[in-house]
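*Asks:* Single-letter residue listing:
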Amino acid sequence: MSSKKLLLENAHIEGIRYYDVYRKNGGYRSVEKALKMSPDEVVEEVKKSGLRGRGGAGFPAGMKWSFIAKPEGVPRHLVCNADESEPGTFKDRYLMEFIPHLLIEGLIVSSYALGSNVTYIYIRGEYAWIPDILEQAIEEAKANGFLGKNILNSGFDCEIYVQRGAGAYICGEETALIESLEGKRGNPRIKPPFPAVKGAWDRPTVVNNVETLAAVAPIINIGGEEYAKIGVGRSTGTKLISACGNINKPGVYEIDMTISVEEFIYSDEWCGGIKNGKRLKACIPGGSSVPILPANLLLKTAKGEPRMMNYESLADGGFATGTMMGSGGFIVLDEDQCVVKHTYTLARFYRHESCGQCSPCREGTGWMEKLLLRLDQGQGKMSDIDLLWDIQSKIEGNTICPLGDAAAWPVAAAIRHFRDEFEWHITNAAEAQTRNFGLAHYADPLPVSEPVAV
Amino acid sequence: MADEIKQEPPANFKVTIDNVTLEVPPGTTILQAARMVGGDVAPPAMCFYTPLKGSGGKCRTCLVEVSKGSEKDPRPMPKLVASCRTTVMDGMEVKNITSERVINARNSVVEFLLINHPLDCPICDQAGECHLQDLSYEHGKEGTRYEFKRRTFKKHNLGKYIQLHMTRCILCYRCVFTADQLTNKRQHGILDRGDHAEIATYIEKSLDNEFIGNVIDVCPVGALTDRTFRFKNRVWFTKPVDAHRDCPNCCGKVTLWERGNEVLRVTARKDPWGEILPAEDGKTGWICNECRFEKKDIKDWVIEGPMKVARHSVIGANHYEVLDLPRETIPEVMGGRAPKLLMNIHSISDVNDPAIDLSKIPGPATGEVFDRKKLTEEKKD
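Chains as they are written, first to last, in the numbering used here: chain B, 430 to 883; chain Y, 433 to 813.
Bear in mind the hints are in silico, worked out from the structure with no lab data behind them.
Backbone N, C-alpha and C define an ideal beta-carbon position, used for all residues, glycine too.
Among the hints, erroneous ones may be present.
[Stated by the list, open to error] Okay, the calculated beta carbon distance ranges per label pair:
1. W668(Y) - G502(B): 40 to 46 Å
2. E588(B) - T530(Y): 50 to 56 Å
3. T584(Y) - A498(B): 29 to 35 Å
4. S812(B) - T530(Y): 48 to 54 Å
5. W668(Y) - R864(B): 55 to 61 Å
6. I562(B) - K446(Y): 56 to 62 Å
7. A443(Y) - F488(B): 32 to 38 Å
8. A498(B) - T576(Y): 51 to 57 Å
9. M509(Y) - S495(B): 19 to 25 Å
10. E852(B) - T761(Y): 30 to 36 Å
11. N677(B) - E574(Y): 42 to 48 Å
12. H676(Y) - E588(B): 54 to 60 Å
13. S812(B) - A443(Y): 51 to 57 Å
[Said to hold, decoys possible] Calculated cross-link-like contacts (lysine-lysine; reagent style DSSO-like; alpha-carbon spacing at most 30 Å):
14. K707(B) - K678(B)
15. K707(B) - K770(B)
16. K740(Y) - K613(B)
17. K799(B) - K702(Y)
18. K511(Y) - K823(B)
19. K476(B) - K620(B)
20. K573(Y) - K592(Y)
21. K587(Y) - K799(B)
22. K592(Y) - K823(B)
23. K573(Y) - K627(B)
24. K799(B) - K581(Y)
25. K671(Y) - K627(B)
26. K446(Y) - K627(B)
27. K620(B) - K500(Y)
28. K581(Y) - K810(B)
29. K627(B) - K586(Y)
30. K586(Y) - K613(B)
31. K504(Y) - K499(B)
32. K671(Y) - K592(Y)
33. K770(B) - K810(B)
34. K434(B) - K613(B)
35. K792(Y) - K485(Y)
36. K702(Y) - K485(Y)
Kindly generate the complete structure, drawing on both the sequences and the hints.
*Replies:* Following this line, the structure appears as structure tokens:
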């Protein structure tokens, strides 16, 4: 079954990076169409499409747009969040690198809808070569009258600027991104006020993910209602999944959210199965901060239904037996991977990336990292597992921004589903240094052991 | 802030905090409302400082539960909120010490704050007036579950007046806001991030601005200390008196910390929440470096009287009328009779005679020094 492509439809065409080829293949049609509509009609179209934010939280984009405050005489801004730093997620890079004009096109339409005359792309510092690609695309769009003053004689002015970040994960959080964009230290702000009321330079601001904004172009082209027909339920449209880990064909795939997780992993069209004929142990389906799931819960929900690649199905069962769609960073772990080491790696990442502003996250992430390192090195104690559980539960929900939650969830899920592996690392400390726990029962048919009590 | 509240009478919001209902003007934060109630209802605040714009929300010790959002929208807030940065709504119901969630969260925040803190109170100048000390006394555990090396930093002198001991810092950002808002050129800020973040000046720059000394006052812990006072005395041995002088730069209203007739330290005046007093006749409560560091002579000052010391503070021990005396329980249980001393230590001990000046004895005192016979003979001579 081939899934419908909207974003990456033309990505394979040679030279699509350049304006001429992009335009020949139907590029910038949505701008021409949108500028004939009123901004409110464009917002309405996006609302109808049911497009959900592709950055991780999955908040409906049209609704977010309708929240923007419109005070008289105050400019508004659209900011494109290209600070894609979640381990396992690399879909935006692919999009910006190969079809930058799609993003620019989506940005122009979105800027028009929101009334943003100055729009920013905030890109992470590590994507050192991509700002050049984007800036070239912006130049080309400008030369052809799609940017600048009075675009296509509609009276709408728009400029897009690319701002390079310095490479901090926290700057992917929208208020930290705004702070960084203003030239300050990238610390998240305390909400409220929300960016839609007071964002960059205290002006109403909307921050959206690259993929979300790029998806606006096809939505305008085919119409919101048509877009909403793709996919299933409230998971409308197509989603880019960046698959990596122990699979035969890692890469960026566009799916229409009607396929099952099993099909996605094992079908030759997508990931092509587990590498070297190994068996599936676990998977993080939405980037490093969403809960990890063992194979049996990943492929089938707790109710025994096959799990599908969409927002609702992945979240089925809550955090006890489910996970999240997140940003679409699909990380597959085969039977040779050690969950303890893996969790330690993630904890180390979050410790390093915590901004240090609020106490639970600043101190808690470091503590979790040290405990996990000790467990991984075989010097842990049985009480460390409960301590870890306790620490993560005290970080979660008590922090300014979601980084605390993002640091707590992977640890919580690893202990919830892989507690026996943690215990094995303590009881068989010497053996744990020489071999892995293996697949154990993680792929056994459901029902699995009860999740530990909170 | 307190002044503003008095000036705005119309359309007050009704808010209930820990079952105490009061009316406050719109725009009041939950913390400010709780402080009007006072006592245990007021959540602790380590990073929020009313005169500093933008402060608060970071330490998470003031988290409270909002069990009813407002009259219009009675839904409870799903997460605990930072009371210092959340404004009240009409009909809001807040739970602070009546909520188990809040108590648990606060205890865990205190635990987090203490895992990297050196706990060197016995040698710390802030001891006795340290908010973290109070907080850990109220909410901390006696033991720690943290079994790793604590984060440490070298001490830095930020110019000739201020010493930075980053190891004790809880990164409340108060000093950063102070330096940002009081001085025209900020030279210190936060470097790095996460648990290795530090307050620092870039390349060991010294801080020379006439209001920079206020960072010492706002520091809730012993991270920023007064170099002219370091190790001179424990604060509870000093006598705080309010004084003023005619200062061309600042309000000149200060608290002197005296021992005998010696002025050991000068600080700004603070309210019971550890914040500097609000502005009077156009001048803020911040004091300048000259008043703080240079005027250490009693002649420089006009003494107004003893400082009113908060009940909870150890500085208050043995001082002043505002102190509530502990209930005299022994006469009470003994039916009004005073307890009889079993023995008077001065009369039975050989080695405790207040008449003898130990500093005049060569070497350590022994029983021989206190020999009664010898003493009486010496007196005769």
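*Asks:* CB of A443(Y) to CB of F488(B), is that within 32 to 38 Å?
*Replies:* At roughly 34 Å between Cβ atoms, F488(B) and A443(Y) fall inside 32 to 38 Å, so the hint holds.
*Asks:* When you check the alpha-carbon spacing of K620(B) and K500(Y), does it fall within 30 Å?
*Replies:* This hinted pair holds, its Cα atoms lying about 19 Å apart.
*Asks:* Return holds or violated for the Cβ distance of E588(B) and T530(Y) against the range 50 to 56 Å.
*Replies:* Holds - the Cβ-Cβ distance for E588(B) and T530(Y), about 54 Å, lies within 50 to 56 Å.
*Asks:* Straight-line Cα separation of K511(Y) and K823(B) no greater than 30 Å?
*Replies:* 12 Å, holds
*Asks:* Could you check the hint for me, namely that N677(B) and E574(Y) are 42 to 48 Å apart, CB to CB?
*Replies:* Violated, since N677(B) and E574(Y) (Cβ atoms, about 56 Å apart) do not stay within the stated range.
*Asks:* Looking only at beta-carbon atoms, does the pair M509(Y), S495(B) fall within the given range of 19 to 25 Å?
*Replies:* 23 Å, holds
*Asks:* Sort out whether K627(B) lies within 30 Å of K446(Y), counting only the CA atoms.
*Replies:* 27 Å, holds
*Asks:* Check the hint pairing K799(B) with K581(Y) against an upper bound of 30 Å on the C-alpha distance.
*Replies:* 10 Å, holds
*Asks:* Take a quick look at whether K707(B) and K770(B) sit within 30 Å of each other, Cα to Cα.
*Replies:* 19 Å, holds
*Asks:* Between K792(Y) and K485(Y), does the CA-CA distance stay at or below 30 Å?
*Replies:* 56 Å, violated
*Asks:* Is the gap between the beta carbons of I562(B) and K446(Y) within 56 to 62 Å?
*Replies:* At roughly 57 Å between Cβ atoms, K446(Y) and I562(B) fall inside 56 to 62 Å, so the hint holds.
*Asks:* Given the hint that K573(Y) pairs with K592(Y), does the C-alpha gap stay at or below 30 Å?
*Replies:* 38 Å, violated
Hints 1, 3, 4, 8, 10, 11, 16, 17, 20, 22, 23, 25, 29, 34, 35, counting from the list given before, are not met by this structure.
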